[in-house]
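Trainee: Listed below are the residues making up each chain.
Number of protein chains: 2
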Amino acid sequence: MKVLEDRIRQEGLILSHTVLKVDSFLNHQVDTQLALEIGREFGRIFVDQPITKVLTIEASGIQFAMATGIALNVPFIYAKKKKAITLSEQVYSAPVHSFTRQETYQVSISQKYLGPNDKVLIVDDFLATGAALVGLVDIVKESGAELVGVGCVIEKSFQEGRGLLEDKGVKVHSLARISSMSPGEIHFVEE
Amino acid sequence: MKVLEDRIRQEGLILSHTVLKVDSFLNHQVDTQLALEIGREFGRIFVDQPITKVLTIEASGIQFAMATGIALNVPFIYAKKKKAITLSEQVYSAPVHSFTRQETYQVSISQKYLGPNDKVLIVDDFLATGAALVGLVDIVKESGAELVGVGCVIEKSFQEGRGLLEDKGVKVHSLARISSMSPGEIHFVEE
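Just so you know, the sequences run in chain order A and B.
For the first sequence, the positions run 1300 to 1490 when my numbering is used.
For the second sequence, the positions run 1300 to 1490 when my numbering is used.
Derived by calculation from the structure, the hints in this document are not laboratory data.
Please read all numbers here as calculations on a predicted model, not as lab measurements.
Each hint should be verified, as a subset may be incorrect.
Said to hold, decoys possible - Simulated coverage check for chain B against chain A, where a stretch passes if three residues somewhere in it have a Cβ under 8 angstroms from a Cβ of chain A: (1) 1316-1327; (2) 1332-1339; (3) 1347-1361; (4) 1372-1380; (5) 1406-1416.
As the list claims (entries may be wrong) - Stretch-level coverage of chain A by chain B, calculated; a stretch enters the list once three of its residues show a Cβ under 8 angstroms from a Cβ in chain B: (6) 1373-1380; (7) 1404-1414; (8) 1447-1460.
Glycine included, each C-beta is placed from N, C-alpha and C at the ideal position.
Can you build the whole structure from these sequences, using the hints too?
Mentor: Pasting the structure below:
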């Protein structure tokens, strides 16, 4: 997605070979028009699938799941990172290790909102190690819903996430695929 | 907002005099069309103000800040609940006590994204004790930005949040104001 790659080149801050900050327009301050365009792009990619629900994980996936839900005119669900007092009913859950925060947490969604009649598209902001997305894939499997695919805004193609998902038979579509980066330099996978 | 009050009556789960679950359509599974309508309503309420940014707090405020940002055609910012490794620059921050989770956390936003030239609308899903919103108001004040007002989707009017905000001179607009509730029964403030 050229407009996204251009924006990453202009505003992305590359802190190391693995850390890219895009918090001026994607995941702290959010450019709402760009987020809508990202949702429309996922809508175009998965247009031939009768998706019933979009699934993401709090917090940074929400704006893109929302935009995709708008484009597809379906609800979205965001998995919670910790069982809250008000999330008291039966949940599907999976453990996820965050390399950014160096901690393992439980992601969960209420069993009421996902089941065998659903066709699910998973959306998230980043695909890197794939830890969070593998957790979501396992949750969809546990629910009996059909997984249509995974849509990621930015993929760090030099990390193992895509391989882990493809090994599970999951179709992965990323809108910007970074093949390598270092401070001052970034390269995208040629489509 | 009648469509919202009707939906709360139909789908809200009242667990006690203070706990209302709306996670089938607002803050776990999200009805994207209703969220957009909520954003348009905040847009109508604050239409005479040249708002430059919408501010919320992760995670449940994001879908409504996004919808409001779409309606006003401005970016939104979501405050983070914990200092992440990748949020390394200077931040504005405030402590917030969560009564739902029984813990105190730090909310913070990067100083790059809010300053004296901004006119800010704060948006969140719930106004109850006001703890999170008071934290956001303090952050806006610290940044030198002008606070236009606070928009809440659901207000528990029998709790102290509105009073705390109004004591700080903040204009509060809530789309559904609950005057009292108990399992099987809910009453809204008559406008």
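Trainee: Which of the listed hints are not met by the structure?
Mentor: Checked against the structure, the only hint that fails is number 8, while the rest are satisfied.
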